[in-house]
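Asks: Below, each chain spelled out in residue letters.
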Amino acid sequence: MRTRNTGLMARGFIAAVGIGVVATFAMAAPASAKPATKAATECIDKLQNGGSIDDCQKAPSPLKPENNEIIWGSISFLVLLVAMWKFGVPAVKNMEKAREDRIRNDLESAERAKAEGEAALAQYQAQIGDARNEGARIIDEARQSADGVRRELIARAEEEAAQLRARAADELRLQIDRATADLRQQVAAMSVELAGKIVERSLDASTQQQLIESYINSVGSN
Amino acid sequence: MNAFLAIDVPPISQVTIWGNGPGGFNKTAAIYVFAAVATLLLFVLGTRRKDALVPAGLLQNTAESGVAFVRNQIIMQTMGPDGLQYLPYLTTLFFFIFFSNITEIIPGVQFPANARFAMPMTLALATWVIFNVVGVVKQGPIHYLKNSLIPPGVPKFLLILVIPIELISTFLVRPFSLMVRLFANMLAGHLILVTFATISAALFAKSITVVIMPFSFFLLVAMTGFEILVSFLQAFIFTILTAVYIGSAMHPDH
Chain A
1 MRTRNTGLMA RGFIAAVGIG VVATFAMAAP ASAKPATKAA TECIDKLQNG
51 GSIDDCQKAP SPLKPENNEI IWGSISFLVL LVAMWKFGVP AVKNMEKARE
101 DRIRNDLESA ERAKAEGEAA LAQYQAQIGD ARNEGARIID EARQSADGVR
151 RELIARAEEE AAQLRARAAD ELRLQIDRAT ADLRQQVAAM SVELAGKIVE
201 RSLDASTQQQ LIESYINSVG SN
Chain B
1 MNAFLAIDVP PISQVTIWGN GPGGFNKTAA IYVFAAVATL LLFVLGTRRK
51 DALVPAGLLQ NTAESGVAFV RNQIIMQTMG PDGLQYLPYL TTLFFFIFFS
101 NITEIIPGVQ FPANARFAMP MTLALATWVI FNVVGVVKQG PIHYLKNSLI
151 PPGVPKFLLI LVIPIELIST FLVRPFSLMV RLFANMLAGH LILVTFATIS
201 AALFAKSITV VIMPFSFFLL VAMTGFEILV SFLQAFIFTI LTAVYIGSAM
251 HPDH
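Quick mapping for you: the protein sequence lines, in order, are chains A and B.
For the first sequence, this note's numbering gives the first residue as 1, with consecutive numbering after it.
For the second sequence, this note's numbering gives the first residue as 1, with consecutive numbering after it.
Please note: incorrect hints may appear among the correct ones.
To be verified - Partial chain A-side listing against chain B, Cβ under 7 Å, derived:
(1) Pro62
(2) Glu66
(3) Val79
(4) Glu96
(5) Leu107
Bear in mind the hints are in silico, worked out from the structure with no lab data behind them.
Think of the CB as a built atom: it goes at the ideal place given N, C-alpha and C, for glycine as much as any other residue.
All chains, please: the whole structure from these sequences, using the hints.
Replies: This is the structure in structure tokens:
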């Protein structure tokens with residue numbers, strides 16, 4: 001309890017001293033009849049020198065800010081600049097470099113892709129050309145082959161026809177021979193029979209044969 | 001404030017209104033000229049190596065990254081591929097606003113031109129004209145007005161409330177909020193930097209208060225860094241809202 005009271009008293013003392021210090025500074029302002037601010041002083045000077053109230057509204061210089069502002073603003077700007085130089089600029093440079101690298105890589109990969117595309121296109125075109133040539137060759141071969149087959153078939157058909165014709169001629173000749181032989185036998189038999197009936201005498205075999213042949217010859221010549 | 005520690009903070013008008021030069025040309029106008037020239041130079045110098053596909057150097061990387069940022073993070077997110085025709089306008093808008101904002105931390109300049117509302121208002125009006133013209137051209141005047149004023153699915157008896165609200169919201173609040181957002185953010189940032197610089201100076205001048213000066217100075221440095229972010233962010237917000245408005249005029253269904 002006592003400790004708490006001591007603490008409270010200490011805090012009260014510090015607060016009182018603080019208020020006293022601030023009040024001292026507050027009272028330290030010169031209590032004179034002079035205008036309170038620099039701006040007011042300058043305004044009074046301007047009015048006394050024939051200026052208007054509008055002149056008091058404007059900044060004292062048309063371009064330059066107040067000296068305090070220039071000095072402290074510049075110092076803070078420099079502090080910030082140093083901090084930016086130390087931390088900001090490397091970050092910006094890194095970003096810049098990363099961006100350049102990314103764009104360079106993108107461009108290179110685009111260039112590579114383009115070259116690959118062109119190579120692939122050339123390859124495809126070459127393949128298409130080869131395929132076209134191959135197709136033409138195959139068609140040519142097929143045509144030649146078809147011509148060969150056609151010629152071969154025609155030759156074979158002609159050969160078979162010739163064979164058929166030869167066979168038919170042989171057959172015909174055989175038939176004729178056979179018919180001739182049959183005819184000859186029949187004519188011989190009929191002649192013998194006819195001769196026997198006519199002559200009514202028997203002939204020996206050789207005479208018969210001679211008669212037959214002479215008869216046939218006479219028939220053949222007729 | 002004035003009596004306490006005798007901090008002599010200049011009036012707001014004195015850190016925002018600059019004396020006119022010849023023909024009314026003043027510091028604000030000079031910053032806009034700088035912003036226009038810087039935007040132009042960035043893209044002229046950054047793209048002069050037309051045959052170089054691989055970017056090299058800060059300018060080319062910044063120009064290309066800037067265009068890619070506006071295309072991917074703004075147009076494609078809000079308008080889709082149809083919006084790519086607005087890429088030049090939106091990229092210019094983004095860099096112009098950024099360059100006219102960032103001057104608030106440049107020593108000796110220390111003023112964001114957009115802390116005066118002439119240019120934010122002009123740019124907001126340009127956006128207003130563009131999205132209305134796009135809406136009328138793409139949808140026809142009757143459909144555009146109907147789609148702008150009557151949200152789908154609203155019961156008929158509520159239309160008497162909804163139509164005036166939509167009218168104000170679409171045709172008045174949009175350009176006004178665009179202007180005020182940019183102008184007020186930059187003005188506030190500028191005043192904060194001026195205030196902390198003034199406080200740092202006042203504290204540094206007093207023998208004992210110098211002890212707490214580092215805190216004020218640390219805040220000044222932090223706010224300077226923060227204002228770089230704000231400069232970028234405000235340019236981004238203005239551009240993306242412009243894209244959203246044009247996109248909604250192009251595609252009323254979305």
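Asks: With reference to the structure, classify each hint as holding or not holding.
Replies: For each hint, the structure was consulted:
1. Pro62: Holds. Min distance 3 Å.
2. Glu66: OK, holds: Glu66/A within 7 Å of chain B, min 6 Å.
3. Val79: 5 Å, holds
4. Glu96: Where the cut-off is 7 Å and the nearest Cβ of chain B is about 5 Å from Glu96/A, the hint holds.
5. Leu107: It holds, given that the least Cβ distance between Leu107/A and chain B is near 5 Å, below 7 Å.
Of the numbered hints stated above, none is contradicted by the structure.
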